[in-house]
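Here the structure of chain P is known, so what remains is to put chain S in place on it, guided by the hints.
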Amino acid sequence: MNSLTASGLGKCVLRSCIPLFLSLSSTVGLAAGHCDAPSALLTKTKPATAVAYQNLGQWFEGKGQLKCAAEAYRQQVLLAPGSANAHLLLGRALQVLSVGDEAALELNRAVDLDPSSKTARLALGALEHDRGNQVEALRQWQEVIHLDPDSITALDWIAKTRIEAHQYTAALDLLSNAPDNEDLVVDRVVASSKAAFFEQAITTGMTAIEKHADWLRLRMAVATILVQRNRFQEAIALLEIGLQSQPDQIDLETLYLRVLVLMGDLSKSKPYAADFLKRHPGNFDGLYLNGLLERQDGAYDAALLHLKAAEAMRPDHFDVHFNVGSALAKLHRNEQAKAEIEEAIRIDDSGADVHFQLAGVLRSLNDTAGAKKQMEIYQEKLRSRALHDQTISLAAQAAQKLAAGDAAGAVEAENEILKILPEDAVHFYDLSLAEDRMEDFAAEQVALKRAVELRPDFALAYNQLGYLAIRDNDETAAAGYFQKAIASAPQYAEAESNLGSLLAREGKDAEAEQYFRAAVAANPRYTDAWINLAASLAARSMFTEAREAVHNALRVEPTNPDAVKLLALLPSAQPAPNRK
Amino acid sequence: MLRTLFSRRNFLASLIAASCERLFGQAAGMSSGGSKAQSRLPPTGGVYSKFTDIAAQAGLNAVMVYGGEKQIKFIIESMGGGCAFLDYDNDGWMDIFLLGGSRLEGSPAGASNRLYRNNRDGTFIDVTAHAGLLDSGWACGVCVGDYDNDGFEDIFCTYYGHNKLYRNNGDGTFTDVTKASGLFDATTRFGTGCSFFDYNRDGHLDLFVANYVEFDLQHPPIPTMENPTCTYEGTQVYCGPRGLKAGRHSLYRNNGNGTFTDVSEASGIAKHRGSYGMTAVTADFDNDGWPDIFLACDSTPSLLLMNNRDGTFREEGFDRGVAVSGEGFEQAGMGVGVGDPGLNGSTSLLVTHFQKEASGLYLNDGKAQFADITMDSRLGVETSYVGWGAAVADFDNDGLPDLFWVTGNVYPEIEKKYPQYPFKGPRILFRNRGDGTFEELTNECGPAISQLHASRGVAIGDFDNDGDLDILIMNVNETPSLLRNDAPPGNHWIKIKLIGTTSNRSAIGSRVIVHYAGKAQMQQVLSQSSYLSCNDPRLHFGLGAAREADVHVLWPGGREEKLGKIAVDRLITVKEGSGIVPNLSHALK
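Chains as they are written, first to last, in our numbering: chain P, 1 to 580; chain S, 581 to 1169.
The shape of chain P in the complex, shown without the other chains (with noise of 0.2 Å):
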């Protein structure tokens, strides 16, 4: 992913706008071919000055002649060696260049001479998370929000490493109560839909896009896991509305023209696809989904004509090749739909009905034994969902039980999905939080330490192990649950936070502040942290950095109650030194 496409560097986006025919602008001095500016503005570069070398790499960048904005940026940096703000630029107009090294370079001379600039900090981290340095990028991004709780591009880009990394719970909890801002709910959106919280996901998005009808692209993600949900006519609904607003917005008129094919009404999705690629010849979804809708009315040559000509554009597309295939065996080319059927399946084998196809066309070239092995493999991939449909409604009335006050129920749920799926840490895992209900914390336990023993970097469960063992007073082992929750997320805030008060409790209040530092690094909104933090601190009477990071609480919710009584309590002044 290329972070800065969309970067603000004037009209020039991406590599390819950088002039051709470069040559040195004898004028200016610059290294970078030819470069033609204004005479007014070169004749301000005599005697040259940093602000003439600025104001003349912004006027190329305008004109999307990047290198010679970067000579006049290096101008600017040998004039000023000591300014943020000319590493900051050189560092970018580089970064924008792909000169990777030397960007970074720049851009962390800038972050040193001005460790407060927000700006450089977030082009560091973009440049660092795509050179693939993710933890120098996080770090970047986690001191923006040090710096402004609400900088919405550092939540969007650490939420976003969050749903990448599967940590959709820690992303939700850094968004949570953060600026109303279209990139910053959609992340939500996406983070409660991939953590399977899908109402929430829903109603988040669906209470947004009532107060900004706007926000096509959130429009289009709460379409989407509508669609997931089966809840075609709403996904419709919402995306016919946003047509009305932007009737040529492409990526809107894709993804309707893909709920109208799912919904299977001939009568409106024909129409609208036969339209949708007057509109837009050779565009992919429209070949690919005019293709499906023939082959599903039974024009299998029409539809070939169009799906080839997609698979063109996109060999690497699942359901093409199954599409193609399915068509070719309609027409009894067994062999040819063999081959494009066992393609489909070699991009993504996780469908059940693409090996049912796979069976019927070996079927016909004889091929007893293949046939009965597909439909082996397709038969146990419906089991297996069914079986999956049965532990997700089990798990729905766990939870439901769970809600009302019902935990015995919620146990005999979660047990039964345990007999369907034994080897599931999950379950095992939402059983515990079941018995931790009941007070059953020896039941608890068990499940606990069989969730860890089938899945051995569960955070949660090894922080959950921990606090039993708190409850148990057997410090030491909560400190090793506490540890392997850490070492199996790194990014794990609580765990953090929990090791550190186990330490504070212990009077260890410096190896305790370590912790609770990087509670707030992994997530820099987490008030009950930084309130930790600032009572470890406050106990080595370290009281201006106490009373900050209580102020860093306060910036995020700013009447917390234990951060204003606890700021109340703190000294006014630094007394002398006495740390520990």
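It should be emphasised that the hints constitute simulated quantities derived from the structure, not laboratory data. Keep in mind that the hints are not guaranteed to be accurate.
To be verified - Per label pair, the in silico range of CB-to-CB distance:
1) 472/P to 799/S: 29 to 37 Å
2) 998/S to 404/P: 26 to 34 Å
3) 298/P to 868/S: 29 to 37 Å
What the hints assert, rightly or not - In silico lysine-lysine, DSSO-like type, Cα no more than 30 Å apart, as pairs:
4) 997/S to 211/P
5) 194/P to 825/S
6) 381/P to 947/S
7) 1099/S to 947/S
8) 270/P to 997/S
9) 1099/S to 630/S
10) 330/P to 1099/S
11) 372/P to 851/S
12) 419/P to 996/S
13) 372/P to 825/S
14) 270/P to 1004/S
15) 381/P to 1004/S
16) 330/P to 947/S
17) 268/P to 997/S
18) 270/P to 996/S
19) 825/S to 381/P
20) 997/S to 194/P
21) 419/P to 653/S
22) 419/P to 825/S
23) 373/P to 825/S
24) 268/P to 1004/S
25) 373/P to 997/S
26) 947/S to 373/P
27) 996/S to 211/P
Just so it is clear, CB atoms sit at the ideal spot from N, CA and C, and this is done for glycine as well.
Frame of chain P; chain S shown alone:
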């Protein structure tokens, strides 16, 4: 000016795209679908039967109570009951039996199964109480057969709760012999399909019983929006069947002394779990002389249990192409029409499904290899409604069996939000065009067809003995419908009643092939088809312009009888080993 615009929208786009990418090849929820609506071809016109609903003037006036009217809380309320045409008093006129349900808050007055005796003048009289059949449980399915070979048809009913066997006493009354016959099961089960058949060919009718799901009304799953098996299109609805455990199906062997033995385990039937069984059809699908079992299943693969001829069965639904749609999708199998629409001398199947799924037509090649010809036959034009009771029947007597089914949603709640999913739907009728395709005539056959009802069971039979096939329909929380068929004049027909002697007395499992005008059509005597219902046991063949027909009877015991050049437009009664015998005194007008 450099600005901070480090948006990661590409990342988001990929997330959304990834979510959509696989939608088209994968089932996404309760009803996986697969066969989408086809485009309609221009109508061909032509004369067809007209239907008139005469239920009210015929005296079928009892409301068939079944579950909540405005909202259905649990799955047991959604099923609705079957119905039957049967001649319980052997007077040669079809009587009517309808199954009703109850309400969660308790049965209202008048809720009961209903038996109506045919007055032979186009009207019926409610004889439920006199017959001893008043009952207001959650009845589902009915199958009819003379299990004790005493010459009177007996009735078996499935229930959510406990199934019941009613022995016909021969005097207009019935006795509940469930316990005495060994069929009582103390556990609460969700009985659905049932069928009498002689699986071991010993001349005594055995009994197959399907079960739907495991459901405990005392501890039911409570719907939530977070549970996808309890929502439909964003509306909270009752939970299931997906997500619930499938029921266990049962086979009972007739001991020949009025009792049955549960042979579910020994026969291999019990091991075929995992499918939500609905309508059961027992018939000889591979023409080997031994009856097999087809069980339409809801949201799961349907079962085809082939008779091993040694008291056991093997499941071959997938191998024989009838378990799922032709594209491999599990569908909501509800009802089953049975017949020979392709006139290839074999027993093919019409299976009704949920809305947004076409009803499936599975053509049998005579050896029980089925081809899904739904789309080729143009049935895919109709996917708007939830389909239930179904029939393959030649309503206009043109010699080409047509297709019929009734509709009705299971979620009364959703039509307020989505008018396109109405709770009540029309009756669906497809005329056989004789070229492998069918043409929908739902709006061309009179208001009785296009009227809207929430229907379930359907039985086909000639209640007025006028030589065409009428339609009995169980409507949920309404009075039933009785659609009198006025077939276009000019076409001929023949109706055949079979009486077994060494075979079971009801002749269930007999196959009859009628040859006419160069065509051959097969029908079998069934104990259940449609949706948990039972048709007129007299086999009716439309003959078109043919003025004579050859009749070939294959009795379930193995005997064959060929009857040549039979005159048309009449009922013939064939007794096993005796050929044509006189009809019952009141048989035809």
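For each hint, the structure was consulted:
no.	hint	verdict
1	472/P to 799/S: 29 to 37 Å	holds (35 Å)
2	998/S to 404/P: 26 to 34 Å	holds (30 Å)
3	298/P to 868/S: 29 to 37 Å	holds (34 Å)
4	997/S to 211/P	holds (23 Å)
5	194/P to 825/S	holds (27 Å)
6	381/P to 947/S	holds (28 Å)
7	1099/S to 947/S	holds (19 Å)
8	270/P to 997/S	holds (25 Å)
9	1099/S to 630/S	holds (25 Å)
10	330/P to 1099/S	holds (29 Å)
11	372/P to 851/S	holds (21 Å)
12	419/P to 996/S	violated (40 Å)
13	372/P to 825/S	holds (27 Å)
14	270/P to 1004/S	holds (28 Å)
15	381/P to 1004/S	violated (35 Å)
16	330/P to 947/S	holds (23 Å)
17	268/P to 997/S	holds (20 Å)
18	270/P to 996/S	holds (27 Å)
19	825/S to 381/P	holds (17 Å)
20	997/S to 194/P	holds (27 Å)
21	419/P to 653/S	holds (27 Å)
22	419/P to 825/S	holds (13 Å)
23	373/P to 825/S	holds (27 Å)
24	268/P to 1004/S	holds (23 Å)
25	373/P to 997/S	violated (45 Å)
26	947/S to 373/P	holds (23 Å)
27	996/S to 211/P	holds (26 Å)
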